[in-house]
Amino acid sequence: ADLSKMGSFLMMGLIGIVIASLVNIFIGSSALQFAVSVLGVVIFTGLTAYDTQRIKEEYAEGYGHEANTKLAVMGALSLYLNFINLFQMLLQLMGNRE
4 ADLSKMGSFL
14 MMGLIGIVIA
24 SLVNIFIGSS
34 ALQFAVSVLG
44 VVIFTGLTAY
54 DTQRIKEEYA
64 EGYGHEANTK
74 LAVMGALSLY
84 LNFINLFQML
94 LQLMGNRE
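According to our numbering, the stretch in the sequence shown is residues 4 to 101, in order.
Among these hints, one or two may not hold up.
[What the hints assert, rightly or not] The calculated DSS-like cross-link candidates involving lysine-lysine, where the alpha carbons are at most 30 angstroms apart (straight line), are:
hint, residue 1, residue 2
1, Lys59, Lys8
2, Lys59, Lys73
3, Lys8, Lys73
[Stated by the list, open to error] DEER-style ranges, computed between Cβ atoms:
hint, residue 1, residue 2, range
4, Leu84, Val26, 19 to 25 angstroms
5, Lys59, Phe37, 31 to 37 angstroms
6, Ala4, Ser33, 32 to 38 angstroms
7, Tyr62, Phe86, 15 to 21 angstroms
8, Glu61, Ile30, 19 to 25 angstroms
9, Met77, Thr48, 19 to 25 angstroms
10, Gly65, Met97, 37 to 43 angstroms
11, Glu64, Leu35, 40 to 46 angstroms
12, Leu35, Val76, 33 to 39 angstroms
13, Val41, Met77, 24 to 30 angstroms
14, Met97, Arg57, 27 to 33 angstroms
15, Ser33, Ala70, 45 to 51 angstroms
16, Leu25, Val45, 28 to 34 angstroms
Worth flagging that the hints you see were computed from the coordinates, not collected in a lab. Using N, Cα and C, we set each Cβ at its ideal position, and we do this for glycine too.
When you get a sec, could you build the whole thing from the sequences and use the hints?
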């Protein structure tokens, strides 16, 4: 499946999560926190798939050895951050037991 059109929607969703999280700091709503966690898991899963496809496409174009090395480092960093944020959202989702 072609995920190239999903990138802008996922980034808008990410901005929405940041705004909702900032609002929830002042409100303190557990329902909003649950919604942010669920949406965060969905969005970061989508971003991980999108970034994986983007990395594969950029590497297939092949800009040269030095450029591919830089692309590999930036791609690895992008996936690393996606996995960290996905894990944090899962911890928030599973850790709100009372």
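Consistency of the hints with the structure:
1. Between the alpha carbons of Lys59 and Lys8 the distance comes to roughly 16 angstroms, so the proposed pair stays at or under 30 angstroms and holds.
2. In summary, the hint linking Lys59 to Lys73 is supported, as the alpha carbons are separated by about 14 angstroms, within the 30 angstroms threshold.
3. Between the alpha carbons of Lys8 and Lys73 the distance comes to roughly 24 angstroms, so the proposed pair stays at or under 30 angstroms and holds.
4. As the Cβ distance of Leu84 to Val26 is approximately 23 angstroms, the hint placing it in 19 to 25 angstroms holds.
5. A hinted range of 31 to 37 angstroms for the beta carbons of Lys59 and Phe37 is consistent with their spacing of about 34 angstroms.
6. With their beta carbons about 35 angstroms apart, Ala4 and Ser33 fall inside the hinted range of 32 to 38 angstroms.
7. Here the CB-CB span from Tyr62 to Phe86 is close to 19 angstroms, well matched to the stated 15 to 21 angstroms.
8. About 41 angstroms separates the C-beta atoms of Glu61 and Ile30, a value inconsistent with the hinted range of 19 to 25 angstroms.
9. Taking the beta carbon of each, Met77 and Thr48 are about 20 angstroms apart, inside 19 to 25 angstroms as hinted.
10. At about 42 angstroms, the beta-carbon gap between Gly65 and Met97 stays in the expected band of 37 to 43 angstroms.
11. In this structure the hint that Glu64 and Leu35 lie 40 to 46 angstroms apart at CB holds, the actual value being about 42 angstroms.
12. Between Leu35 and Val76 the CB atoms are about 36 angstroms apart, so this pair conforms to the stated range of 33 to 39 angstroms.
13. For Val41 paired with Met77, a C-beta distance near 29 angstroms keeps the hint of 24 to 30 angstroms intact.
14. Distance hint check for Met97 and Arg57: the Cβ-Cβ separation is about 29 angstroms, which falls inside the suggested range of 27 to 33 angstroms.
15. At roughly 47 angstroms, the beta-carbon separation of Ser33 and Ala70 lies within the given 45 to 51 angstroms, and the hint holds.
16. The supplied range of 28 to 34 angstroms is broken by Leu25 and Val45, whose beta-carbon atoms lie about 20 angstroms from each other.
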